[in-house]
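Build the full structure now, drawing on both the sequences and the hints.
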Amino acid sequence: MTEAQKRLDNDRKLEKSLRASGKVVLPVFFKDSRVGADARTPAEAGLAGGAVAVLKAAEGGYAPIGDEIVLPIAPFMAAAKGIGHFNLVYDMDGTARRERLLYAYRNLYIPSYTLRLAAAYLNLPLDDVTADLGAAIHMGDRLSVPTTRYCELLVNFKGQHGSFKSYSFFDVVNDKIPLSVFQNKLVLVSPSAAGIMNPMSTPTDPTMPVGEFSAHTLWTMLNKRFVERPAWADFATLGLILIIGLTASLLLPRLKAMLAGIVFVGLCTLLIAGSIYLFVAAGAWVPTIYPLTELVLGYIGIVSISYLITETHRDKVEGESAETNRMLGLSFQSQGMLDMAFDKFRRVPVDQEMKTILYSLAQDYERKRQINKAAAVYEYIEEHDSRYKDVAERKKKLMQASETMVFGDGLLGGSTGDNLMASGSDVRPTLGRYEIIRQLGRGAMGIVYLGQDPRINRTTAIKTFRFTDDFDEAEVKALKDKFFREAESAGTLSHPNIVTIYDAGDEQDLAYIAMEYLEGEDLEKFIKKGQLLPMRKVIDYVADIAEGLDYAHNKGIVHRDIKPANIMLLKSGVVKITDFGIARITATSQTQTGIVKGTPYYMSPEQFSGKKVDGRSDIFSLGVMLYQLLTGTLPFFADNPAALMNKIMNVPHVDPRTVNPKIMKPMVQILNKALAKTRDQRYQRAVHMAAHLRQTGKHMDALVARRKTSASTAAAVEGGT
Amino acid sequence: MRRDTPMFRIESAGITDVGKRRRNNEDAMFLDDEKQLYIVADGMGGHQAGEVASEMVVDSLRAYMERFNENAAVEELSDPDDSLSKAANRLLSGIYLANKSVYQAAHSKEAYTGMGSTVSTVYFDGGTLIAANVGDSPIYLVHDGNIERLSVPHTVMAELDSRKAERLGGEFRHVLTRAIGVNETVQADISEIQCFKGDILVIGSDGLSDKIEQHEIKEVVRRDRPMKACRQLVELANERGGDDNITVVVLKVKNRQSKIGRFFRSFFKG
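Line by line, the protein sequences give chains A and B. Here the first sequence stands for residues 1 to 721, where the numbers follow our numbering. Here the second sequence stands for residues 722 to 991, where the numbers follow our numbering.
Hints were generated in silico from the structure; no laboratory data involved. C-beta: ideal position from N, C-alpha, C; glycine also. Treat the hints with care, since some could be wrong.
What the hints assert, rightly or not - Computed beta-carbon distance windows for the label pairs:
1. A/LEU250 / B/PHE984: 12 to 22 Å
2. B/ASN904 / A/LYS611: 46 to 56 Å
3. A/CYS268 / B/PHE988: 17 to 27 Å
4. A/VAL296 / B/MET948: 42 to 52 Å
Unchecked claim - List of simulated lysine-lysine pairs, DSBU-like, C-alpha gap at most 30 Å:
5. A/LYS647 / A/LYS662
6. A/LYS477 / B/LYS807
7. A/LYS480 / B/LYS830
Next up, the structure:
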């Protein structure tokens, strides 16, 4: 009894307060029920007073329908200023974005709680609030609230959590809050404790108390911050979906990966930023969530597909490949294509076998004098196994050697040092197919090495020529061509008194000739007085040389540089002419710089006058050499080239007998003929000179024989008597 | 020497299909529009050897030709043929290199004994196209409405006169007189001809030429874009039996693009 009484008492108290205030709006609530409650409750009688008048209905406009209404008790309703429903509505994603401003109940249009409050705040009697169903709700002539076709208001949120001041009910009731705070404000009293009234999910706050939501709604209405869904919004959304669809399916897959990514990010940003801007600046809400989702899914799809395709492709390519690469690499290596081989080997996992293979590759590079590349291979091995054999030391040694180099990739440059042996590597260097064993000497044109042809195990002499860097590419090529042509023609010579040439080639900028290795000395040794060879021998040797020359002349090849340094006397007693034709090339290459190398004691007059030389020029040079071998002096001598030239061309040679009285008359004749200034007066063919020499030799032999016999006869006679 | 800017642009597409009867695909192909080099190889040999052989051929030829673009010093043939251009000599060197590699590999392992491959390759250099082949993989040229075969088939059948050829049984039709990897050296056939805009080249394996007539190939490639043409030809070959691997590469010669065209094209892949 007391409970019920207490309640009644409280009700009466509340009713009194309501009446006293006269400014309180009470909430009502619509329930969904299949069967609409037929009977009108007593409270409903006053409902009409709380309804909004609908003036007209926009095309297709209508309000949500309420089946059953839950009202406060009649005394409260009578005491309140007005009523409004607080039914909430959520979008498909569970977020609340709108407020249903009207509900149709029976024939009445019940305003929302917020709408009623707004009218009250503006001091508008409810009669002045009229609805244009589906278009707008007019608050007198002060304010027109646009609605959707369904009489909904799109709520524009003032801001993040805490945009409106809220106070705990407990504090207010216990006078902790000064009442002045609430003056002239709309005050919403709502339950917020969890369990009693769960918070709502909104765009700005996933756990927004209901009261705050109403506050945002009121703020939207009263400050006219309407969010319109412009009529064109639907078209815009459709249009965007179409555009994104086309872009994603046609354009993005064709663009390069990086560019596609940039375009994707750009479009996303545009969509998001665009919609935000429209919302904030123009209050227009264009839903971009669908186009955005479409774009993201589309892009992910494209990226996944292309990734999968390339991955599977790569798998297929790499699967077999390690084995194939190893085989290819070995093949390339065996054919001398070391760079390609290394390239392939790099794609093979490095196991013990590979390390051996790589080590041998590095050694091949060393043989080719490509020191930097050899070091790179050693380094590669080192990365995988620093203890493998001696890779670390080798690498170090090679790198040190390469630092002291002046030019090029592997060859030591500099003006004096182009020695193949000093490359810091202890692997025999190779030049073409020849292994270089050691240096033999330094010729006028380059270093001579002892080499070996590994294929047939033949020892050869390798004469090297370096084309100086003074020339440009075209000139070097021209010189090389000439060089090889001459080597080719010299290679056709096959004569017991001519050094046989086996091979010629070039590597990088070093040209070489592989020739017969001769054990002996050149005639330079025998041109000084006191070191001369016996005359008889000289005659024979020079005759041999002349015959050799004749053979070459018949083949159209002129030596051009006959001198003692180019004649080898072997241990076996045979003389051989060396450097056929080659001398000319290197001479040309050197005279390019305008310096005449060496002194041309042996040059013929016509060579100076620049005439085209033929075999007779060699005969002249041979004559000079013969003179020297017989006398120990040169027929033409001067301090400087100019004076020398003059002597050779104009001044007759000194009679050799003045230097060496033992020289016989026939010899003088031979010399004179060989040294004739006009070549028409010389021996026309070297074989004639040879014949003449041999004849003279025979005479000498006969003379000696006669002297011997007469001597012995004399001895016999003397002895006999 | 860096490659000069090419005179033509090539639009290419290629498909290799295992066919209907075979278990694995022993054909290999390579296409590169930038380098303008295209290769098809048809491998043979027990087990997987055919695949390995054709892959090695394509790989070594490609790697060799790539060296020139990189401006590196590469070994060339010791006796280049003076009647051919430098590029053609290089292509030949590449083929000989590939031959040696496959030959050596075939002798290195029991599993690879007897393996070999054909090779058919097309390379564009300036305004000329260079076509080289060893074996029976065809290279066709469609020019001015006519189709002709640029490659020389190195088969017993082709080298016999027609009477004898007819008597050859089915298995013998494919016996090759020349192949990559079978002997230490090999002789390739090569031709260099002037290239024109609108020309179409088709490189294939015998899986294609066995099933489809030349005039049919001509029709398809003239009508459709390369990718579509490839698909159609492969489908057709499969429809007609598909008992060998089928590979088709279709090349269309187009004008060089303007700078603007190239600028826009640089955004697109492939």
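Hint by hint, here is what the structure shows:
{"no.": "1", "hint": "A/LEU250 / B/PHE984: 12 to 22 Å", "in the structure": "20 Å, holds"}
{"no.": "2", "hint": "B/ASN904 / A/LYS611: 46 to 56 Å", "in the structure": "55 Å, holds"}
{"no.": "3", "hint": "A/CYS268 / B/PHE988: 17 to 27 Å", "in the structure": "19 Å, holds"}
{"no.": "4", "hint": "A/VAL296 / B/MET948: 42 to 52 Å", "in the structure": "29 Å, violated"}
{"no.": "5", "hint": "A/LYS647 / A/LYS662", "in the structure": "25 Å, holds"}
{"no.": "6", "hint": "A/LYS477 / B/LYS807", "in the structure": "16 Å, holds"}
{"no.": "7", "hint": "A/LYS480 / B/LYS830", "in the structure": "43 Å, violated"}
In this structure, the earlier hints numbered 4 and 7 are contradicted, and the remaining ones agree with it.
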